[in-house]
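If you're matching them up, the sequences are chains A and B in order. For the first sequence, counting from 1, position 175 maps to 175 in our numbering; every step adds exactly one. For the second sequence, counting from 1, position 7 maps to 7 in our numbering; every step adds exactly one.
No lab work stands behind these hints: they were computed from the structure. Predicted, not measured: the structure shown is a model, and the values here were computed from it. Note that beta-carbon positions come from the ideal geometry of N, C-alpha and C, so glycine has one too. Each statement offered as a hint is correct.
Mimicking DSBU-like on lysine-lysine, the simulated pairs with C-alpha atoms at most 30 Å apart in a straight line are:
{"id": "1", "chain 1": "B", "residue 1": "32", "chain 2": "A", "residue 2": "68"}
{"id": "2", "chain 1": "A", "residue 1": "68", "chain 2": "B", "residue 2": "3"}
{"id": "3", "chain 1": "A", "residue 1": "3", "chain 2": "A", "residue 2": "32"}
{"id": "4", "chain 1": "B", "residue 1": "32", "chain 2": "B", "residue 2": "6"}
{"id": "5", "chain 1": "B", "residue 1": "32", "chain 2": "B", "residue 2": "3"}
{"id": "6", "chain 1": "A", "residue 1": "6", "chain 2": "B", "residue 2": "40"}
{"id": "7", "chain 1": "A", "residue 1": "40", "chain 2": "B", "residue 2": "32"}
{"id": "8", "chain 1": "A", "residue 1": "3", "chain 2": "B", "residue 2": "68"}
{"id": "9", "chain 1": "A", "residue 1": "68", "chain 2": "B", "residue 2": "40"}
{"id": "10", "chain 1": "B", "residue 1": "68", "chain 2": "A", "residue 2": "6"}
{"id": "11", "chain 1": "A", "residue 1": "32", "chain 2": "A", "residue 2": "6"}
{"id": "12", "chain 1": "B", "residue 1": "40", "chain 2": "A", "residue 2": "32"}
{"id": "13", "chain 1": "B", "residue 1": "6", "chain 2": "A", "residue 2": "40"}
{"id": "14", "chain 1": "B", "residue 1": "6", "chain 2": "B", "residue 2": "40"}
{"id": "15", "chain 1": "B", "residue 1": "68", "chain 2": "A", "residue 2": "32"}
{"id": "16", "chain 1": "A", "residue 1": "40", "chain 2": "A", "residue 2": "6"}
What the simulated footprint calls covered on chain B by chain A, stretch by stretch (three residues with Cβ under 8 Å from a Cβ of chain A suffice, anywhere in the stretch; the number is not a length):
{"id": "17", "segment": "27-33"}
{"id": "18", "segment": "37-46"}
{"id": "19", "segment": "106-114"}
Not the full set, but computed from the structure, chain A residues with beta-carbon under 10 Å of chain B:
{"id": "20", "residue": "31"}
{"id": "21", "residue": "36"}
{"id": "22", "residue": "39"}
{"id": "23", "residue": "61"}
{"id": "24", "residue": "62"}
{"id": "25", "residue": "111"}
{"id": "26", "residue": "112"}
{"id": "27", "residue": "152"}
{"id": "28", "residue": "164"}
{"id": "29", "residue": "174"}
{"id": "30", "residue": "178"}
Protein chains: 2
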Amino acid sequence: MLKPEKTLATQQIYQGRAVSVRVDTVENASGKETTREVVKHSDCVAVAVLDEQDNVLLVRQFRHAVGKFLLEIPAGGIDPGEDPVDAVCRELQEEIGYFPRRIDRLGGFYAIPGYGTEYLHCFFATDLVPGRLVAEDTESIELVRVPSEQIPLLIMSGEICDAKSVAALLLFLCVRQAK
Amino acid sequence: MLKPEKTLATQQIYQGRAVSVRVDTVENASGKETTREVVKHSDCVAVAVLDEQDNVLLVRQFRHAVGKFLLEIPAGGIDPGEDPVDAVCRELQEEIGYFPRRIDRLGGFYAIPGYGTEYLHCFFATDLVPGRLVAEDTESIELVRVPSEQIPLLIMSGEICDAKSVAALLLFLCVRQAK
Numbered sequence: 001m002l003k004p005e006k007t008l009a010t011q012q013i014y015q016g017r018a019v020s021v022r023v024d025t026v027e028n029a030s031g032k033e034t035t036r037e038v039v040k041h042s043d044c045v046a047v048a049v050l051d052e053q054d055n056v057l058l059v060r061q062f063r064h065a066v067g068k069f070l071l072e073i074p075a076g077g078i079d080p081g082e083d084p085v086d087a088v089c090r091e092l093q094e095e096i097g098y099f100p101r102r103i104d105r106l107g108g109f110y111a112i113p114g115y116g117t118e119y120l121h122c123f124f125a126t127d128l129v130p131g132r133l134v135a136e137d138t139e140s141i142e143l144v145r146v147p148s149e150q151i152p153l154l155i156m157s158g159e160i161c162d163a164k165s166v167a168a169l170l171l172f173l174c175v176r177q178a179k
Numbered sequence: 001m002l003k004p005e006k007t008l009a010t011q012q013i014y015q016g017r018a019v020s021v022r023v024d025t026v027e028n029a030s031g032k033e034t035t036r037e038v039v040k041h042s043d044c045v046a047v048a049v050l051d052e053q054d055n056v057l058l059v060r061q062f063r064h065a066v067g068k069f070l071l072e073i074p075a076g077g078i079d080p081g082e083d084p085v086d087a088v089c090r091e092l093q094e095e096i097g098y099f100p101r102r103i104d105r106l107g108g109f110y111a112i113p114g115y116g117t118e119y120l121h122c123f124f125a126t127d128l129v130p131g132r133l134v135a136e137d138t139e140s141i142e143l144v145r146v147p148s149e150q151i152p153l154l155i156m157s158g159e160i161c162d163a164k165s166v167a168a169l170l171l172f173l174c175v176r177q178a179k
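Please put together the full structure from these sequences, using the hints given.
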């Protein structure tokens, strides 16, 4: 019989702009005291976006933490009190310049449950119209359209290589195939 | 034309057991100075494990950072200097008590490229034999066998809900289907 861990104490280590860190002292399943580092980050939305020609809309941007340009699905943090669906509309207008008239929930997942709180709400967006807002920063984000049948190849070749994009795009293809 | 960011300065914030945090000052694509928080974590292996009866071997464990029991694929950190394949053998013996005689690479992905360094090397392991080591801690990890055809349903229903497990399992099914 598995037992949850009991938190005995919490020490706040760092409070940053997007990330905060605390160290909790816990009693583990064996009754022993140990510590757990927890990285707190806002929950996010991640969106598989399709245009009328069955292209998936991806964004290429530089990711400082890994020192590379990555090709990802549009995603971003949910503001405090914001509905995830509103966050999808805002992020798509900021990142790709489109407003989606149809949004379906695909599911969701924790980003790094071993040491972080972030949960990603995963959506499928379509029926796109040019947004009222201008894309946030065209110097740092490039929009890339890829025919949906090429997505598995781009994932298997490592061209798309971040967990949320791989998970959300394969989940989208899986849900579509199941219909 | 997208430009990479240039690191101007680095401030070490926290050096913990599994996680460290630094704040970098960078020149962004528009030439403006800003800061980037970076959570450093060791690279990991994540493994889709199949037995002879086409069951996927999963582990259920309490995840303190999210306050829940999650059903995940076996995974763990790569020790300094350790080959990822050796890490797969070690982790499978520790977490599920089996040694895999066959290991194939599935691909890989960054866990949280927006603010973290962790890269997951993703494998498919099979031809299992009982391991020489005893599973690390049977009080905190429960082994769960699921027929592989049920995996898409467990993901779509949210029963499997962490990014690496969703990504690696769907990637495994995708690669198997492509053969």
